[in-house]
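Chemist: Sequence:
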Amino acid sequence: MSFYGIASAAEIAFYSYIYAKVRKNEYKRLTSWTRASTMAGRTFGYLLSQIIVITGIGTYLTVNQISLISPILVFIFGLCFPRIQWKSLIERIKITTEIEMLNEPTTYIEYVKFRLRKLWSNTKQIYHIGFVRKWSLWWAMTTCMSLQISAYSQTLWGEVQKEETTLNGFAEATYTACAAIAIMLMNMISIDWDKWGEAALVLISSIDCAVLLFFSQAQTIYVMYICYISYRTLYQVMITIAQWNLAKKMVSESYGLIFGLNSFVALILQALLTVIVVDKRGFGMTVRSQSNYLKRSGNRFPLIQINGNRLPLILYSFNVFHTDEEDDSCVYVDNDDKFNDD
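The sequence shown begins at 1 in the UniProt record's numbering and counts up one residue at a time.
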């Protein structure tokens, strides 16, 4: 679990790195290619694992050994990436936020202190944007559901599988391959997400509910495979779209902050869901009952998505997302959603 946490944090850091290296008009293409490449890599991994197990040329220990060696090689490769100069980030902050620097950092230590000092104000500033709230809400909820489906799907498959040789690895490989293709196709389509984003989220959430309904009631493994592949593919496509849309709306180059917070909220929701639904101290449901519960929870997603923007606005009116304190180091002006302190 520790290594899983490190890998998840490294993924967020990687996307923060690549966004800091390119211009905003390239975010869509870059995000699509990167996520599609990730899916392609997973496809290769799933296929390799399945072949190793089916042919008997190795055991599950062999698969685990490959899983250990791979991130070590990736770590070495990552050390070869070109560095990002912190001074260039200061210049980008000035451009993206029309920031007026009163006490501009002159050393790296001052820059680190500056970014740490601005964490809270940056968070309030970014989540003040309705577009960011909408996509972040969807990010947290659907990531929670997707992680839960991924964690317990194979246990559910085991209830209906009768063959000695399972094809779970091929199912996972098919899902990641379909996701890679779908992500690249979405990259070719031009959509005004400011206008159609909420409608798309409601539509996709509704389709997800229907897929989960079939998944929770299916009694044959192949129907389960189809539902799983469909659900997880839709998730990967929409999380890619959510990521590049959120990145475009960043007003203080705080990619890791927002992606990290959204993922953190998703993991908290998943932990709570596990304690309530799975753990014996909660309802202690069976795997089949869990899938039914997830389906019923998913039914509420479209309505939550429609009304999701209203809560932060209510909190904002009570000064939860607003402060009258003047900042002595910089003044922010958001190009997309301008607001003025009293």
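Derived from the structure by calculation, the hints contain no laboratory data.
All C-beta atoms, glycine included, are put in the ideal place defined by N, C-alpha and C.
Careful, some of the hints might be misleading.
[Stated by the list, open to error] With a cut-off of at most 27 Å between alpha-carbon atoms, the simulated BS3-like pairs for lysine-lysine come out as follows: (1) Lys162 x Lys249; (2) Lys118 x Lys248; (3) Lys113 x Lys124; (4) Lys162 x Lys28; (5) Lys113 x Lys28; (6) Lys195 x Lys87.
[Said to hold, decoys possible] FRET-style restraints, in silico, Cβ to Cβ: (7) Gly56 x Trp33: 35 to 43 Å; (8) Thr166 x Arg117: 49 to 57 Å; (9) Lys21 x Ile72: 44 to 52 Å; (10) Glu91 x Leu61: 48 to 56 Å; (11) Glu91 x Thr220: 52 to 60 Å; (12) Ile66 x Lys195: 40 to 48 Å; (13) Val22 x Lys124: 23 to 31 Å; (14) Tyr111 x Gly56: 17 to 25 Å.
Chemist: Name the hints, by number, that the structure is in violation of.
Modeler: Going through the list in order, the structure violates hints 1, 4, 5, 6, 9, 14 and respects the others.
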